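Visitor: Please construct the entire structure, taking both the sequences and the accompanying hints into account.
Protein chains in written order, with the numbering used here: chain L, 1 to 298; chain F, 299 to 576.
Worth flagging that the hints you see were computed from the coordinates, not collected in a lab. Being a predicted model, the structure only gives us computed values, none of them experimental. Certain hints may be false.
[Claimed, not checked] Here are some chain F residues pointing at chain L (derived, C-beta under 8 Å):
1) 334
2) 396
3) 423
4) 430
Built from N, CA and C at the ideal position, the CB exists for glycine as well.
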Amino acid sequence: MNRKSYKGYVYLAPVLAIMLVFTAYPLVRAIFMSFCEDYSIINGSYKGINLENYVDLFKDKDFRKAITNTITYVIFVVPLSVVISLLIANLLNSHIKFQGLFQTLYFLPYVTSVIAIGVVWRWILHSQYGLLNSILNFFGFESIGWLTDRRYSMASLIIFAVWKSLAFDIMIFLAALQGISPDLYSAARVDATPRWRVFFRITVPAMRPIIAYAFVMGIINSFKVYNEVFSLFNGSAGPSGYNSAITIVFYIYDKFYNNYKYGIAAAGSVVLFLLIMFFTAIQRLPGRIRARKEAAQK
Amino acid sequence: MKSRKPTAIIAEIVKYVILVAGALFTLLPFVWMILSSLKSGSEIVSIPPTIIPTHFMFSNYAEAWQAAPFPRYFLNTVFVATVTTVGVLLTSILAAFAFARLDFPGKKIVFSLFMATLMIPGEMLLITNFVTVTKLKWVDTYKAMIVPWLANVFYTYLLSQFFSSVPEALYLAAKVDKCSDLKFLFKIMVPMNKNAITTVAILSFIGSWNSFLWPLLVTNSTNMRVLSHGLVRFQSEAGAQYQLIMAASCILVVPIVIIYLFLRKYILEGMAYTGVKG
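Guide: Here you go:
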């Protein structure tokens, strides 16, 4: 490869052309739109360039609710999924029977439509005829209005989301575990180190990069939660009349598609973008500090 | 083999109990969906619910299939997913080759920018893309559902990683034999990486099959609806007939589960690769 030529661009052309129109342009446009007061998508007119949309956004209690809900969702779903997945992946990686079968089953939620399986969860969580309440009744507990009582909206959403996100985490953890050198473990076996110690002293440190990756992907995807809410509450953001499960993307979509507030929707999407960048950066911080310390020690 | 201590046996049992419990939790919605879809209209609302249907109502599937234009939704979904997959494979293979094998001015910058777009939430682009599609007069066409998805950074990256691992000597040998780049790509590179390409094809097909928000946004007429959109509509129309709603959910879920069961090797390989190296 010693001859540079522009031929590479010919091969890149289709991808670059589509990305220019459907990624780069809309990105710039969304940022611009977020500063336009009363933007109209029909003729592109606006009243002025200012921060009005952002002010309106944060004044809106629905948006504040969307932010708290989304953060609550992230705080519960991501760590729960990572911890449970680590446990399951570890068990799957020990010498067990039917490993292939278990692996196949555990990964199933990853490939299924959120919408379809959300409809099924809606049925399982049905306050009157749902399976979950029947199980609760069987054990002598009262029925819970999972989808009808607004206090339980977020709990229902989190149960569904954890169920959905386990698959991806288990799979990448299992792949990483299979990649850890067996030599590390044989040393521990010679010393008769207890299992839990092996797990925290050898497995977890070796898995650190992949756990970090699972956290980043989990956070990014959780911030964009929409389909889960839509399917669980049949198109609304909670029991009718309430926005108890509204999320940032749900809010953006509602402002844009149902209320034609394009500027506010665009401002909401910029806030979403910043939040995702912020959390990704925070998450990477410990790794950076550690790297710096290690570099200092050397 | 040394004799096993009682604690080791208990640990072994606990291990299987956790694994089976987890598997049951994972499978629950699938099993409940199928069982519910086979119950009669009166049985589905019995309290407490029966687990196994007393009569297997396979007719629910026929009824759901005809109750809404599901055959049409099904064809739309298959068509959009297939064309998107073929298209995105083609563009990704070309771009991956450029990143893996060709040297061109500005390559580093283009690649960095390209990868940086992975950070942008697609939801941020929704409004403008909707406007673009409207201005192009693509609303309610297959084009609107397909074209914006014909470039994929992730698939391109994945393929370029695989293409990079093909020995450089092969490429140079092909050059000596006056084999053009394009010919080299499709006669040597692509067949050599057919597993990776199959992985991308399956991931793309499943992704397109399960997509919801964008098709919902850019289509208006019943004729253009895809399955996920159709299911949501059907749910509102069918009211309390949960056995039919569950049968309709099966129509959306089962084809992908079948693809997954037969081709899971490729999906798992792809996921493992992205997870570990990503």
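Visitor: Is the hint on residue 430 (chain F) kept, meaning its closest Cβ partner in chain L is under 8 Å away?
Guide: holds (7 Å)
Visitor: Do the numbers back the hint for residue 423 (chain F), that is, is its least Cβ distance to chain L under 8 Å?
Guide: holds (4 Å)
Visitor: Grab the minimum C-beta distance from residue 396 (chain F) to chain L and call the hint holds if it beats 8 Å, violated otherwise.
Guide: For residue 396 (chain F), the interface hint holds, since the closest Cβ of chain L sits about 4 Å away, which is under 8 Å.
Visitor: Hint residue 334 (chain F) vs chain L: min CB-CB distance below 8 Å?
Guide: holds (6 Å)
Violated hints: none; the structure is consistent with every hint.
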